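Each chain, written out:
Protein chains: 2
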Amino acid sequence: MVSGQVEALVFDVFGTVVDWRGSVIQEGEKLGRAVQSEVDWPRFADAWRKEGYVDAIARIRRGEAPWASADELHRRKLDELLERFGIRGLAEDEIDRFNRVWHRLTPWPDALPGLTRLKARFVISPLSNGNFALLTNMAKRAGLPWDCIISAELTRKYKPEREVYLSAPALLGLQPAEVMMVAAHLNDLEGARAAGLGTAFVPRPLEHGPDGPRQAEPGPSIDVVAKDFVELAERLGA
Amino acid sequence: MVSGQVEALVFDVFGTVVDWRGSVIQEGEKLGRAVQSEVDWPRFADAWRKEGYVDAIARIRRGEAPWASADELHRRKLDELLERFGIRGLAEDEIDRFNRVWHRLTPWPDALPGLTRLKARFVISPLSNGNFALLTNMAKRAGLPWDCIISAELTRKYKPEREVYLSAPALLGLQPAEVMMVAAHLNDLEGARAAGLGTAFVPRPLEHGPDGPRQAEPGPSIDVVAKDFVELAERLGA
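Chains A and B supply the protein sequences, listed in that same order. Per our numbering, the first sequence starts with residue 1, numbered consecutively. Per our numbering, the second sequence starts with residue 1, numbered consecutively.
Worth flagging that the hints you see were computed from the coordinates, not collected in a lab. All values derive from a computational prediction rather than experimental measurement. Treat the hints with caution; some may be incorrect.
No distinction is drawn between identical chains; accordingly, a pair holds when it is met within one copy or between any pair of copies.
[Said to hold, decoys possible] 20 Å max Cα-Cα, derived SDA-like pairs, lysine to any residue:
#1 Lys140 / Ser37
#2 Lys140 / Ala238
#3 Lys140 / Glu178
#4 Lys119 / Pro145
Model the full assembly from the supplied sequences, consistent with the hints where possible.
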């Protein structure tokens, strides 16, 4: 455990801080009623996330596609999914607005109280593959009390590239060991640990819905495990 | 006037948001008493700012020196000034702590109430030559309610380079005309205007002390003039 020397906590956002799936489904259902389309919104949300973001980032990381922002990646897939799911008749500004549902995701219930406590003791920032504008707009709307916004966009790389993790201590004027990554995803924490950051695992068993896959168990290399951000604040003495 | 389309306000910080001179003098006086040195702290502060920051940035912009952060520039000059002003006996951690007085500057009295009002209507961010950690730490300590931190460090250039001004709309996902620069310095606003940003002038007649030089008058190219941030909020309907 390195909490004695930790000065800043940086957070994965999609899934860790906010419920992307529930938020996309909820806005999708509203949109579906407005355009009178019967759509399987959970499937739509899962495809948007997996094909449009996770897979697209993997291609960029393998050098098979040039860097593009999360907003751009989301939009490319959205155009395809509207077609695939038979959603027609949306004007350009409606499509653009729906694409930015990713700027309007709802935090998990413990996120705001937990972050507010943690902020009293630590510098807190996102460290997300979401683009800078997306993270800024999301925080403003949801009231996430970040001290600053750190996006992988600032390095034009994507997690789990080492350079992204190292950008956080570099920008904050800290050593890597003085920064702790908080995430619901073990591969993100492995990347952070490999770059010398501390690691905190907060499982989000509902990220992929009530029937989602069982989450992997954290190994002994994780510094802190907490069931939510409020428990994380307690564990870290905040 | 472009306020109808402005979505974000970006602020010069040193002099515009915070009273750097008064803050440095105040901490200097405390330090002087602790080490029993008689120092002309107003002269010390002015030399630190002018020689250590303004002149050093001009050299970097002319290509005569490699890029270095504000913290680094401040520290180089501090080492020289401690010698010049005969301040001896400080340990390394005391020098480092005093160097970071620039992270602890006090806002002008209208800054917090004005920014709080402006934040309800606009995205608000610094756009400063101060480094990212400096701006983050300053905001946390002083309670500046920024939505994000934008530092010239992110471009490794310094204002008034065009690239620095353009980084704000690029990161915020906006057009240059949707972003308004707020500054107490006309050369900063000229740089912003040349890059296509809106401009707001807030004079800070006490920036250089009660005997400081008279500030230049804003010309007709400035979009908004306000005597402080509260009046700026009124002018912009926030």
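Hint by hint, here is what the structure shows:
no.: 1; hint: Lys140 / Ser37; verdict: neither (31 Å within a copy, 47 Å between copies)
no.: 2; hint: Lys140 / Ala238; verdict: between (23 Å within a copy, 16 Å between copies)
no.: 3; hint: Lys140 / Glu178; verdict: between (27 Å within a copy, 17 Å between copies)
no.: 4; hint: Lys119 / Pro145; verdict: both (8 Å within a copy, 13 Å between copies)
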